[in-house]
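Using the hints provided, position chain B relative to the given structure of chain A.
Residues per chain are reported as follows:
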Amino acid sequence: MTALNTPIAPARVLRTIRPIPGLDVVGHVAVLLVILFACLAAFGPLIAPHDPNAVNLSLSYGGSDTEHPIGYDQQGRDIFSRLLHGARSSFLGPLIIVAAASTAGMTLAIVGAWRKGWIDATLAGILDSSLAFPGLLLAVMVVAIVGPGIQSTVIALSIAYTPYMARIVRSAAITEISKDYVAAARVQGFSALTICVRHVIPNIMPIVLGQAVLTVAWATVDIAGLSYLGLGIQPPAADWGIMLANGQTGVLQGYPMEAVSAGLCLIIAICSFSLLGERISRRGEAIAA
Amino acid sequence: MTSSASIVEVSGLQKRFGNHVAVDDVTFTVPEGGSVGIVGESGSGKTTIARMLVGLEVPTAGTIRVGGRDRMPHASVAERRRRARELQIVFQDPYSTLDPRQTVDSCLDEVLRLHRPELNRKGRLSRMNDLADMVGFDSRQRRALPRRLSGGQRQRVAIARALAVEPSAIILDESVSALDLSIQAQILNLLAEIRSETSIAYILISHDLAVIRQLTDTCVVMQHGRVLEVGETGAVLDNPQSEYTKLLRSCVPGPGWHPTRLRNIFPGGS
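Chains as they are written, first to last, in my numbering: chain A, 1 to 289; chain B, 1 to 270.
Same shape as in the complex, but just chain B:
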């Protein structure tokens, strides 16, 4: 681990929905250009953290610092644009992540018009070419509406749209979970490539330990909205300290794996 400045600092983060505590006392940091994984089962508060980071939900308590500045709710238009250039997000569902009436090119163009107003038509076009190359789109696909694209292609458009802003960090909220394995591998390779080419930081949210292992340096294990374990990804996954991480690991199917084994671990489960 380098001792460089951190791009995202979260401390004591809490979110309540009525009486339900979705996220409780979560603290972690993401170094500049680093890659942090957040793992946990469904409903452990991973997505709520992501939504709070990008300002789609307002935290009940705790602070979020991005790029050294506190994120307070109700930001001005200029402030929201600046925040957009710090942190972008790619969502889980490839089928609702794009406007069904917008082609790939017009989707990217819209973002460039907002964030790169200094570019003229030619400049935007050359930037769009770069982005399309990065995610592997040809000119025919770039003129296509989302309904003509597969799930994996849509997620690649969503990644390109996030990259168009040139953010310091991208949150990937289960962004590959809805895709089949070979497409998942393609996207993961793409993400690894992008990271080696740019100095972008990742916050990778997943329930898939293999994905976390492949792409992250540090990982945060969560259960019921609380952080159970934080540490270097390899160490946490190979030598888990908490019972829950051991349980998560034993849920991954492998040679000789059988669901009946889990009966001993899940009390009351069938």
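Only chain A is shown next, with the shape it has when bound in the complex:
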């Protein structure tokens, strides 16, 4: 056939991309933006045109030119390259937090939901009371003891987000475990671990995923906030929170580009993660109902 020999036109590639069923326009925009930010975090440092830490004080607050589309910061560093490098450090922390909190929260919730009785009551009590501590406060406390740095804040926030994750997973897991197919598997002699891994976890995954995406948004705000305060990621690393803090002096002197560009990146990223997370959660609840 001749059709097979013709080169693939861009229009044909576009036609293979279909809208995701059941997702509205805002959701699609959010998906695209999340993919964009994921690519930035993965490849940003590779495609950055300049060294993010190359200081040139003669170019302090220099305006944009063809090589430096957003211009220079106070120390004459290329803002665009710093934004691209910042994507990775701004998302890596939240990603580790979400992975850790999801794993820990899911394990605690499923153990509680499976064992029921006093084990569940004790776990639920501990988790509910730990919800009373704001995560950010816990992180600040850990920093006060251990000293500033990304490791201590990531560990503190992972612990702080675990109860949020566990609470949502627990109610979904209780519903799932009470279903007859789980009882049938028990009667057939499957072990609790097998039933949970093969049946319960895949069925509650949409709810876990939705909550995880939402948590990425919250954790990004927290990490950026802590970095802004000088408690999280430390300068001179390129990070959106640090750029926001550094850019403050520029705003006062009439050079707002650094603060505005970093702030916009944060706002767009956080909004798209929140909007997508909400939609996944809602869908998960609809499926579970």
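The hints are simulated quantities; they were obtained by calculation from the structure and are not laboratory data.
These numbers were taken from a predicted model, which means no experiment stands behind them.
Every residue gets a Cβ at the ideal spot worked out from N, C-alpha and C, and that includes glycine.
Where chain B lies over chain A, by a calculated footprint (3+ residues, C-beta under 8 Å):
(1) 176-183
(2) 190-199
Chain B regions said to be covered by chain A (calculated; three or more residues, Cβ under 8 Å):
(3) 54-64
(4) 68-81
(5) 84-91
(6) 100-112
With a straight-line cut-off of 25 Å between C-alpha atoms, the simulated DMTMM-like cross-links for lysine to aspartate or glutamate are:
(7) A:LYS116 / A:ASP180
(8) A:LYS179 / B:ASP180
(9) A:LYS179 / B:GLU79
(10) B:LYS246 / B:GLU229
(11) A:LYS179 / B:GLU41
(12) A:LYS179 / B:ASP109
(13) B:LYS122 / B:GLU197
(14) A:LYS179 / B:GLU166
(15) B:LYS122 / B:GLU166
For chain B alone, coordinates are given in the frame of chain A:
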């Protein structure tokens, strides 16, 4: 009745939930290859008995002997697998009885992997073919997820899943109650066929006297967690000794039946 050994022996079984006694002093036996019905209204403790038999609930008092061995709580993994090969259960609700993410074939395959580890892929496939034939599934249905199947089809999958273990007895806990009459008849015929082909024993739990009559030899009538009457099914249903069994019988709609007649029997009912 034959005098063969019994597969299930229940004696003095009791279950309390807090202050509520759900099952009290229940005793009955199921002979090997026999078929025993348990009838009673909703809340009479039928399902609790079933759940205790398969180990999903722990009895407060009394003993359950299956295959001549006592069923104690907290069994080892090997012991639970052995128990699985003695007693299987098919539940009432066809909509939650299957994992929504699992096709019919993968559901059966999972069970065969656990209970017939000696079979290779080919062996499991041939066993799956047998099981699917037994419950009347074609190859397209076998690749389907549960949401593509009707209630009756799902119950047939649940039956095939229970049969895959090759148990000595199957508990059918209201397994046909949620289905409409023609599908109910199909499943009942299927169960009767399976019993004539294999030497499997049934414990049939139902509130439907017609179902009990069709499939069981012996029947146990229960009310408020207690056994009121035990006997040969035909005799119990045709010539009931207890007032309650007479009442159950009179609740079955038939020619000339009218709910107002029940007013005389149910004091205070409207």
